[in-house]
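In the order they appear, the protein sequences are chains A and B.
Following this note's numbering from start to finish, the first sequence increments by one per residue and tops out at 215.
Following this note's numbering from start to finish, the second sequence increments by one per residue and tops out at 215.
You can trust all of the hints, since none of them are fake.
Identical copies look the same in the list; a pair holds intra-copy or inter-copy alike.
With a Cα cut of at most 16 Å, we get these calculated EDC-like pairs of lysine to aspartate or glutamate:
(1) LYS69 - ASP131
(2) LYS184 - GLU85
(3) LYS110 - ASP21
(4) LYS179 - ASP128
Everything labelled a hint here was simulated from the structure, so no lab data went into it.
Protein chains: 2
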Amino acid sequence: MARPLTDIDAVREQLLEIVEDLVRQRGSADFSMAELANAAGMSPSNIYRFFESKEALYEAAAERWFAAKIAIMEEVVASDLPIREKLLAFFARRFAVMVAQYQAEPDLFKSYLEIGQQHFELVRGHVDLGDHFLSVIVAEAMQAGYFRGLSIDETVSLINQMVQPYCNPDAIIYIGLVKLTEAKLAKIVDAILIGLGDSNHLSADTQGSQIRVVQ
Amino acid sequence: MARPLTDIDAVREQLLEIVEDLVRQRGSADFSMAELANAAGMSPSNIYRFFESKEALYEAAAERWFAAKIAIMEEVVASDLPIREKLLAFFARRFAVMVAQYQAEPDLFKSYLEIGQQHFELVRGHVDLGDHFLSVIVAEAMQAGYFRGLSIDETVSLINQMVQPYCNPDAIIYIGLVKLTEAKLAKIVDAILIGLGDSNHLSADTQGSQIRVVQ
Chain A
1 MARPLTDIDA
11 VREQLLEIVE
21 DLVRQRGSAD
31 FSMAELANAA
41 GMSPSNIYRF
51 FESKEALYEA
61 AAERWFAAKI
71 AIMEEVVASD
81 LPIREKLLAF
91 FARRFAVMVA
101 QYQAEPDLFK
111 SYLEIGQQHF
121 ELVRGHVDLG
131 DHFLSVIVAE
141 AMQAGYFRGL
151 SIDETVSLIN
161 QMVQPYCNPD
171 AIIYIGLVKL
181 TEAKLAKIVD
191 AILIGLGDSN
201 HLSADTQGSQ
211 IRVVQ
Chain B
1 MARPLTDIDA
11 VREQLLEIVE
21 DLVRQRGSAD
31 FSMAELANAA
41 GMSPSNIYRF
51 FESKEALYEA
61 AAERWFAAKI
71 AIMEEVVASD
81 LPIREKLLAF
91 FARRFAVMVA
101 QYQAEPDLFK
111 SYLEIGQQHF
121 ELVRGHVDLG
131 DHFLSVIVAE
141 AMQAGYFRGL
151 SIDETVSLIN
161 QMVQPYCNPD
171 AIIYIGLVKL
181 TEAKLAKIVD
191 AILIGLGDSN
201 HLSADTQGSQ
211 IRVVQ
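All chains should be built: construct the whole structure from the sequences, respecting the hints.
Structure (structure tokens):
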């Protein structure tokens, strides 16, 4: 993690660590700003210098939770991996992070899932960002001749549905890690590339096709 | 629905309708056998003539909830539909039943989902039965040359994961019916048949291959 740039950033980071401790202890985000201030040895009014509201605090905590996954998506999309490896890495590397988070602290993981269900507005932006990055990969794949006859939006939606158990953290709990493996994810990614659209009849004459990236 | 065969069956069916009303009113299965007896105008001891325990009552209610889906699976597996239509009907027809149940009474649907999460032993048998029927279809597809290089168990697991949003009733709520459509399910089923295993190189020389159905 990058070193905080200012004292304000450093205190915010410390407060977010205390927030995580509170979630760990209580199994929920059910605490007041005053309670957070108390846990931080800070006056209740002082805490608003760092987070102007409970909503701002929640947003910062969600950002911290998603940071590793966003970094992975940015890195994979910018990489020059072949399309099959790129699509697999896009899902497999984030799945590996989720599994590590779950295995390190299963109860904390479940608490974050419950908080995410109660405050879906915090998750929404991350889901949309994932769709944006996936649409960039899909456009690249289309240029290589995959997903013929499908639109980018349609392809993104179909892929999301087909890899759902590897994106939805709930699936780690209700399907379980015996059944969810990277080897299976790789077979699903292959089936997506080979079987979705008319792409099973790949040919070389795809140059000049119109590619439109959904922003 | 078949006409009850005996008075005992008729009363059991009436009691299960009252159970559904109680779930509808309370949003949970959080009622005692005495309360059920009271709602049915029956003495608390009399009710045990029809259901020997709360567990037996739960099992009968789950069986009633799953009956339509089990009938569909039996009918589809026994049909002589071509393999692509068979696999699609296996999922699409049950998905249509779930959607109809959800749209008829969304709150009751959510209550049943919560009861299923709290009493997963009631759902387990139905999931296993679905896997059994799917393995019969997979074996038939393998005889036609699909899913080369994969075992039946592995294929069943991969298919379940790829169509997860159309099997898991929770997905109707968290993904939503705008995104989940039979047209998309059909594209996913095509990708499964075309893209899973080495089956994208279908050939006619599959006679004599060993087919083992997992029971």
